[in-house]
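Sequences and hints are given; from them, build the entire structure.
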Amino acid sequence: INSGAGGTESQDWADMLMRLYLRWCEAHGYKTAIANILEGDEAGIKSATIQIEGDYAYGYLKSENGVHRLVRVSPYNAQGKRMTSFASVFVTPLVDDSIEININPADISWDTFRSGGAGGQNV
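Going by our numbering, the first residue of the sequence shown is number 3, and it counts up by one from there.
The set of hints was computed from the structure by calculation and includes no laboratory data. Note that the Cβ used here is the ideal one computed from N, Cα and C, for glycine as well. Do not take every clue at face value.
Simulated crosslink set (BS3-like; lysine-lysine; CA at most 27 angstroms straight-line) [said to hold, decoys possible]: (1) LYS48 - LYS33; (2) LYS48 - LYS64; (3) LYS83 - LYS33; (4) LYS48 - LYS83.
Quick list of simulated restraints, FRET-style, between CB atoms [to be verified]: (5) ARG116 - PHE92: 34 to 44 angstroms; (6) GLY31 - ALA7: 34 to 44 angstroms; (7) GLY68 - ASN38: 12 to 22 angstroms; (8) ALA37 - ALA120: 30 to 40 angstroms; (9) LYS33 - ASP109: 22 to 32 angstroms; (10) GLY68 - PHE115: 23 to 33 angstroms; (11) ASN38 - SER111: 25 to 35 angstroms; (12) ASP98 - ASN38: 13 to 23 angstroms; (13) TRP112 - GLY68: 32 to 42 angstroms; (14) TRP26 - TYR78: 19 to 29 angstroms; (15) SER65 - VAL97: 31 to 41 angstroms.
Following this line, the structure appears as structure tokens:
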């Protein structure tokens, strides 16, 4: 989770998203661990890395990838203006490096083709 442009407001939004994901994981029985967190200057977080373990965790959370937007009256703005805040979420699976793949060299083949045509089309 990374806060976007918008300073304290976006950092607060990123913190809200982090709490939302942690509570969702707790409610659905997933194990969570905060691997890395960078606190904001006044409030919220600048970025956080959360490790989530459980059945189908990546499948459920991969649709959360992208930029999340919040429009609200900012508690950090003395003029009471509506502010738009952004935070990005990147979901990636943990890859098990202990898996060994053996490829038989006899199963590999290379085929070379040549094509032609007027003007170089059909290539």
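Outcome of the hint check:
| no. | hint | verdict |
| --- | --- | --- |
| 1 | LYS48 - LYS33 | holds (23 angstroms) |
| 2 | LYS48 - LYS64 | holds (21 angstroms) |
| 3 | LYS83 - LYS33 | violated (39 angstroms) |
| 4 | LYS48 - LYS83 | holds (22 angstroms) |
| 5 | ARG116 - PHE92: 34 to 44 angstroms | holds (43 angstroms) |
| 6 | GLY31 - ALA7: 34 to 44 angstroms | holds (36 angstroms) |
| 7 | GLY68 - ASN38: 12 to 22 angstroms | holds (20 angstroms) |
| 8 | ALA37 - ALA120: 30 to 40 angstroms | violated (58 angstroms) |
| 9 | LYS33 - ASP109: 22 to 32 angstroms | violated (39 angstroms) |
| 10 | GLY68 - PHE115: 23 to 33 angstroms | violated (40 angstroms) |
| 11 | ASN38 - SER111: 25 to 35 angstroms | violated (45 angstroms) |
| 12 | ASP98 - ASN38: 13 to 23 angstroms | holds (21 angstroms) |
| 13 | TRP112 - GLY68: 32 to 42 angstroms | holds (39 angstroms) |
| 14 | TRP26 - TYR78: 19 to 29 angstroms | holds (26 angstroms) |
| 15 | SER65 - VAL97: 31 to 41 angstroms | violated (20 angstroms) |
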